[in-house]
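Chain by chain, the residues:
Protein chains: 2
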Amino acid sequence: MNVACLDLEGVLVPEIWIEFAEATGIPELRKTTRDEPDYDKLMKYRLDILREHEMTLADIQKVISTMDPLPGAREFLDELKKEAQVIVVSDTFEQFAAPLMAKLGYPTLFCNSLVVDEATGMIVDYKMRCEQSKLTTIRSLQACGMEPICTGDSHNDLGMILNGKAGFLFRSTDAIKAEHPEVPAFDEYSDLLQAIKEAR
Amino acid sequence: MNVACLDLEGVLVPEIWIEFAEATGIPELRKTTRDEPDYDKLMKYRLDILREHEMTLADIQKVISTMDPLPGAREFLDELKKEAQVIVVSDTFEQFAAPLMAKLGYPTLFCNSLVVDEATGMIVDYKMRCEQSKLTTIRSLQACGMEPICTGDSHNDLGMILNGKAGFLFRSTDAIKAEHPEVPAFDEYSDLLQAIKEAR
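Taken in order, these protein sequences are the chains called A and B. Residue numbering for the first sequence follows our numbering, starting at 1 and increasing by one per position. Residue numbering for the second sequence follows our numbering, starting at 1 and increasing by one per position.
Which copy is meant is left open, so a pair is good if it fits within one copy or across any two.
Straight line, CA to CA, 27 Å or less: simulated DSSO-like cross-link-like pairs of lysine-lysine:
| id | residue 1 | residue 2 |
| --- | --- | --- |
| 1 | LYS127 | LYS103 |
| 2 | LYS127 | LYS82 |
| 3 | LYS81 | LYS103 |
| 4 | LYS197 | LYS127 |
| 5 | LYS197 | LYS62 |
| 6 | LYS197 | LYS81 |
| 7 | LYS103 | LYS82 |
| 8 | LYS197 | LYS177 |
| 9 | LYS103 | LYS197 |
| 10 | LYS41 | LYS62 |
| 11 | LYS82 | LYS62 |
| 12 | LYS31 | LYS177 |
| 13 | LYS44 | LYS31 |
| 14 | LYS103 | LYS62 |
| 15 | LYS127 | LYS41 |
| 16 | LYS41 | LYS31 |
If you're looking for bench data, these hints aren't it; they were derived computationally from the structure.
Make a model of the complete structure from these sequences and hints.
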């Protein structure tokens, strides 16, 4: 049985940390995995900055709730759900994604979690769902007979893109596209939808 | 990260084969796993009967498209999606479930597939997704860090109900409830929703 596995940020919604950095005027939060490839280091850096600015989870969610999915993303998902099962496989945190998932019609989301201090509302830690999240997720889906058709834009998506039944790049960088000329790359939802339908 | 794993037939929609037997007036199709515990034998028997009556997949889908989810099921799912990730884990076939999934707002579905002869439209075989489907599915989900909270009504649901983070019976039989007094059993969606929320 086919399941379309979609990355979230860059594919269905804007990059959450970058939008958040702009909305709050905290430019240090613009740093991404492109600048700091060690995700653990990057997250600790981000949580330190949030603490410095005394930003609670609620403050952050308030900013995120003003964000919208990428234009056409909701319509794409609504069409895709008619053609295949869908799981959004993301390295974001469920507490961040929640307001955006509502605007996407609540597709099923596999991601990570934040650890929040109930008394202060501050984010004190985070809990990764598993190692090599995208690859581990599709290996797990394959273990119960699902056939993942995977789409993403970044390096961390390649594990699922290269090991599923089919894989696609969507609005990726020129560098990644050049590194993987064998992976079909698309920029329009209509082309991606067609490719997923044909890969079933 | 929590994921609510829900059985389909008996929990969200009526028993498809029984409804189908009634709609077509073919009483032999009322036989279920309660009468014939060997699922492979049962399915071969069902496909033989469909062939005898020269019923194509399209004929069957036409009947299924007149069926509706159980009253309140859609509203329950819409609420549940706000509280947890949701996957419907079913032993039905995707080609049968499709019209009902549309009426449920397209929750993500893990189930089996029918093999259809393209020329005649007849169902010639079926393909099970994996062995011990419900248990294998939640074991796979656990392997990528998801924590299944499982609900079902039948014997074949016990594998996931007993091995998830939490498990519930919904509109089950007195016999199954008596066999598993340790599993909370509910008959109303509001009670089930509350139990899933508390189990997170």
